[in-house]
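**Student:** Protein chains in written order, with our numbering: chain A, 20 to 346; chain B, 20 to 346; chain C, 7 to 335; chain D, 7 to 335.
Some hints here could point you the wrong way.
Quick look at which bits of chain B chain A covers, simulated, 3 or more residues with Cβ under 8 angstroms [to be verified]: (1) 154 to 168; (2) 184 to 196; (3) 277 to 289.
Straight line, CA to CA, 27 angstroms or less: simulated BS3-like cross-link-like pairs of lysine-lysine [what the hints assert, rightly or not]: (4) C:Lys29 - B:Lys342; (5) A:Lys247 - A:Lys270; (6) A:Lys247 - A:Lys196; (7) A:Lys265 - B:Lys39; (8) B:Lys59 - D:Lys12; (9) A:Lys59 - A:Lys270; (10) B:Lys343 - A:Lys274; (11) B:Lys265 - A:Lys342; (12) B:Lys64 - D:Lys296; (13) D:Lys140 - B:Lys39; (14) C:Lys29 - C:Lys281.
Not the full set, but computed from the structure, chain D residues with beta-carbon under 8 angstroms of chain A [what the hints assert, rightly or not]: (15) Gly37; (16) Gly41; (17) Met105; (18) Ser118; (19) Ile120; (20) Gly151; (21) Ala152; (22) Val183; (23) Asp189; (24) Ser190; (25) Pro331.
Simulated from the structure, these hints should not be mistaken for laboratory data.
Predicted model only: the values in this text are computed from it and were never measured.
From the three backbone atoms N, C-alpha and C, an ideal C-beta is built for every residue, glycine too.
Okay, here's what each chain looks like letter by letter:
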Amino acid sequence: MKNLMQVEAINEAIHEEMEKDEAVYYMGEDVRASIYGASKDLFNKYGENRVLDTPLSENGFIGAAVGSSLVGMRPVVETLTSFMWVAMDQLVSQLAKMKYMFGGQASLPVTIKADMYYNGSMAAHHSDRSYPFFMNMPGIKVIVPTFPEDAKGLMKTAIRDNDPCIVFVDGNLGGLKGDVPENSEIENGELLIPFGKARVVKEGTDCTVVGIVNSNVHALSASEKLEKEGISIEIIDPRTLVPFDKETILKSVEKTGRLVVVDPAHKVCSAASEIISVVTEEGFWNLQAPPVKVASEQVHIPFSPALEPLIYPTEEKIIEAVKKTLE
Amino acid sequence: MKNLMQVEAINEAIHEEMEKDEAVYYMGEDVRASIYGASKDLFNKYGENRVLDTPLSENGFIGAAVGSSLVGMRPVVETLTSFMWVAMDQLVSQLAKMKYMFGGQASLPVTIKADMYYNGSMAAHHSDRSYPFFMNMPGIKVIVPTFPEDAKGLMKTAIRDNDPCIVFVDGNLGGLKGDVPENSEIENGELLIPFGKARVVKEGTDCTVVGIVNSNVHALSASEKLEKEGISIEIIDPRTLVPFDKETILKSVEKTGRLVVVDPAHKVCSAASEIISVVTEEGFWNLQAPPVKVASEQVHIPFSPALEPLIYPTEEKIIEAVKKTLE
Amino acid sequence: MIPREKHILMLQRMMRIRFFENKLIECQKAGEIVGALHTYTGEEGVAVGACVALNDDDYIAGNHRSHGHPIAKGGDINKAMAEIFGKEDGYCKGKGGSMHLADFSIGILGESGIVASSVPVATGAALTSKLQKKDFVSLVFFGDGASNQGACHESMNLAALWKLPVIFVCENNQFAVTTSYKDSVSVDHVSDRASAYGIPGVLVDGQDVVAMYEATEQAVIRARSGEGPTLIEGLTYRYEDHSLGLANVRRDGNYRTDEELNDWLNRDPIEIHKKFLLSQKFATKEEIDKMENDEIIAVDEALEFARKSPYPDAKQLFDDLYTDPINFA
Amino acid sequence: MIPREKHILMLQRMMRIRFFENKLIECQKAGEIVGALHTYTGEEGVAVGACVALNDDDYIAGNHRSHGHPIAKGGDINKAMAEIFGKEDGYCKGKGGSMHLADFSIGILGESGIVASSVPVATGAALTSKLQKKDFVSLVFFGDGASNQGACHESMNLAALWKLPVIFVCENNQFAVTTSYKDSVSVDHVSDRASAYGIPGVLVDGQDVVAMYEATEQAVIRARSGEGPTLIEGLTYRYEDHSLGLANVRRDGNYRTDEELNDWLNRDPIEIHKKFLLSQKFATKEEIDKMENDEIIAVDEALEFARKSPYPDAKQLFDDLYTDPINFA
Ligand SMILES: Cc1ncc(C[n+]2csc(CCOP(=O)(O)OP(=O)(O)O)c2C)c(N)n1
Ligand SMILES: Cc1ncc(C[n+]2csc(CCOP(=O)(O)OP(=O)(O)O)c2C)c(N)n1
Ligand SMILES: [Mg+2]
Ligand SMILES: [Mg+2]
């Protein structure tokens, strides 16, 4: 076991995959200088043919990644969710649609590492959390790691996956520390976390709390406080939203009878909306109280540190929501 | 009263608003030739300074519409939902965010008429139904007319509204005929349908069916068949998804105890998911059965006429869903 | 010197496209084909000249006007026709249709319904060639209208910077639907824009298949030797209106005159090349007639093939979305 | 001939920007400011030369490096400072912050955090001028890095086609974060790309505020007389690293040398203009010292203003999203 920050765990995943497979290359803006940390030492180690600094042309270079993947490469592209709007042409019309449209001829092993720098006084242009959109649009796998171990294992699985994956990396979790097993401690020698399998972060009996990215951290601290009041919550991290592990959540709700979904995306048409709709459709008779959504307020992200924190799910909002289900 | 097709009703709305206000202009690809019908006779009537054919640069010209709106114009832009991906930069970062980001200084009276040509063998690149995304992203009003009267009245309201509006026009409804009141028959002389007020398309007692765009047509025919079996459904057309008239739906579910939401968008994170999540959060105790989502299958739109119709909500699927709520 | 076989091949492929398209026009009018149908008649010289200058393992990508490119590259017209009919034996098992033909096995990376959207993709294929030190090139077709999309700018800059072996071929058929390129491109020629990237820009008579071949050949040599991309503009004309699937677009607004169309009909790329072959004694009238006849038969057979092919089965709906089926929410 | 007052005004505004930015740097280091902070020191000549050549009712739009532009246009530094502090009296009531200053009342249509994203917007403001037969112009600032975005291509083409009164000002400060423009722009100069749109492209020494003024003045004349857009490239340099808010970016990878920085420091736009004023006897040393002092005081007052301004109240969170509050699902 070693104790790593999430960003270090992701960096390790990329190193291991680049080491293992020459077809993997890393591309993005200023990735050689590693300005966001995840590409640390890649350039020194793998050189200019495998670590590409791009011009400021996200649509162009994401499209280039797509094209290169069709004929033998396995690109890993670093960007921010907020810079993906300018690249939606290639993300939607090509990356997401191409395989199906061509009857399966295309293989698109592209991984996009999309950083979400919300909650850091970056204002509306830099704080997007756009995974609900990519849940609605078929064709891409939507990966939402929380803990360092999962971040490493899911990133490795994404790079090895033959379908397009977007790994949404929560900037609030970059410094989150956690135990990550050494490869020598793992049965087959490497950490690969499968897609579509939720993690039960904490078992509990009174209410199921599903958390997306940073929400799991808030849910854990809420849990401690709730415990003191004799309330036991079960925390579930879906880890991937496409594919989605419905069963683990439905089973948990069968046990607890209650559901709170915590999601830093804007609340309307959020991942939380989807999860609540699915559980009510399929687990209705197990629900003993209305499910509660704790998601971001339906407004853009304001700059002011006096306003921004009001937007997001917090420990307090989770506690309140859980109690509401128990009224 | 006159009997108009939806596309004629929309054309009438644009004519009336251009007549009334010199600041309104119409812009898009080949709009002078009116290749999609809605801009019929605009060019003859208002000339080259008010009806602009653009180069094939959606990001550029939608951005130009945005900029022009900031300093006095009221652009109406015609495009297809599928061509909006290339323009997401301007739609999201400017059109949706600018007013809030600048503390209210910006006023953006932009109307986008976004045609959805799904269900016409146009394949994956031309069949998008992207309103769920614009529900998730704050800042834009999301208008989803069904019947010709509403299409005219909502289009006029949109053009007159001081906020950005996207009017999602269902290509399947272009030829749908309906009665539209003459201006002389209307109290204040013109047809303006307010945003955020649902239309009760048909009253009923056993199950509430919420329909988005073309789904209302299917719901109406389903209703006739169900009636013969003694099942009475209440059909509600929200008409606008942002703002959203939650009350009318909650009240209806209070009466019927059952809910089916019909939505041609991809089912995951759809408008249907959102509506179901809201009704379960706020109307849980009125529900006598699990709500049912009838939305498009989670797959891209295939070209083949043997496959495409399998994707969308149909009369049969609605009948089945309604019966399921009554089991 | 272009070998004789290539000259013959170019005539053959042009004729194949012409007959293929004309057959589709018939079927479309008879109501046998659904959806949009953008035909390539009149423009055959551009795609054929360009593709015949490529090797089999070079790549191409294209756009909504999508039948000419794959046929020019040597695609299978049975599969192409079946795809346009939405049938199981089509190139994409019926999932793509007219606007999305593709044959990865012979370097056809696919047609794209969103204009200019293939341009970055083709640039990316060229990036693989460079990174893997291969020597294949990649060529992309796009229209005069599409040239105004930002995707073209970004790709040309990237390709020029990284010296990627990609060839940008603008098919300037004078219009984007009803809009003249003079009203949408702010310089005289799309190829003039090459200077903005420091790459060669070549203006070619697209009705002269030999000229297209030669320009492409130069670009291929440049690309394979690591010198980077070339922008070629082929001046051409489409005989039909924009899309047969949208009847209301046809001639609407009188966007072009009969005289203009006639002028171009008098410079038909197939007729020009036939004359060239005869004048150079590369083929006799009889040989050409025979070729023509063979192509007519091949297209008839393709139609038979398409008609006979079954529609895809409902259970194929979810195939090919991901490598393996997955669970959604 | 540029009137003396304009020369004086240019020095004033450049000094105001310099002191404003240096004050922010202090506050940032002291932890008093949160978020990203992209400073404009070193580049003052570009924005000031450009903006002083405009009228008050002309429009500008800018980017993430966002304080210099509004100050150059005559913006209120109290409101600008308060905004950067996230306070209620800020330009955007604290909602925008450093990257989104705007003052619609004096033609500042706002700074944009997404690079190149203001370029179409400014083009649209110019469209209003044309459609309403007004005579205002619109000017947009963007970086060397941003010039590679498709938005620039689409806007320049549109503006050139429609002869819109817009001026595209590329601030070539040599880098996008750590990436040299030589590694991101495939031609020698961004201004070389003007030929791709048939518009004038002007390369200017951005450290010479007078040269920037003159180039802009020419572009304004052209724009107002209906001849269309101009692309101006001002060569300049940023003294600080990309963003003070991202400490890990600073000098990372040694993307530039101390020598290079020193060479540029020796060509400081403020010092150059001071010398010019003295040499032309437009101002005495004492007058300049006095101006300098006044600006220092003004910036100190702005800081006081910002510090004293209250934070916005929680109930303002939902204001300004729509014209009137609406109901969501
Ligand atoms: C992004 C986008 N905008 C608009 C369209 C609709 N459209 C399809 S083809 C076309 C015209 C294309 O003109 P050009 O690029 O010159 O190609 P041509 O049809 O002339 O071969 C248009 C406007 C589209 N498919 N994609
Ligand atoms: C679309 C987009 N991509 C990336 C970024 C991140 N980013 C912000 S500023 C910047 C560099 C911009 O360089 P340049 O345009 O030259 O302006 P400068 O900072 O040098 O003034 C980058 C990469 C962004 N804000 N928007
Ligand atoms: Mg064309
Ligand atoms: Mg720069």
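**Student:** Which earlier hints can't be squared with this structure?
**Tutor:** 2, 4, 7, 8, 9, 12, 15 and 25
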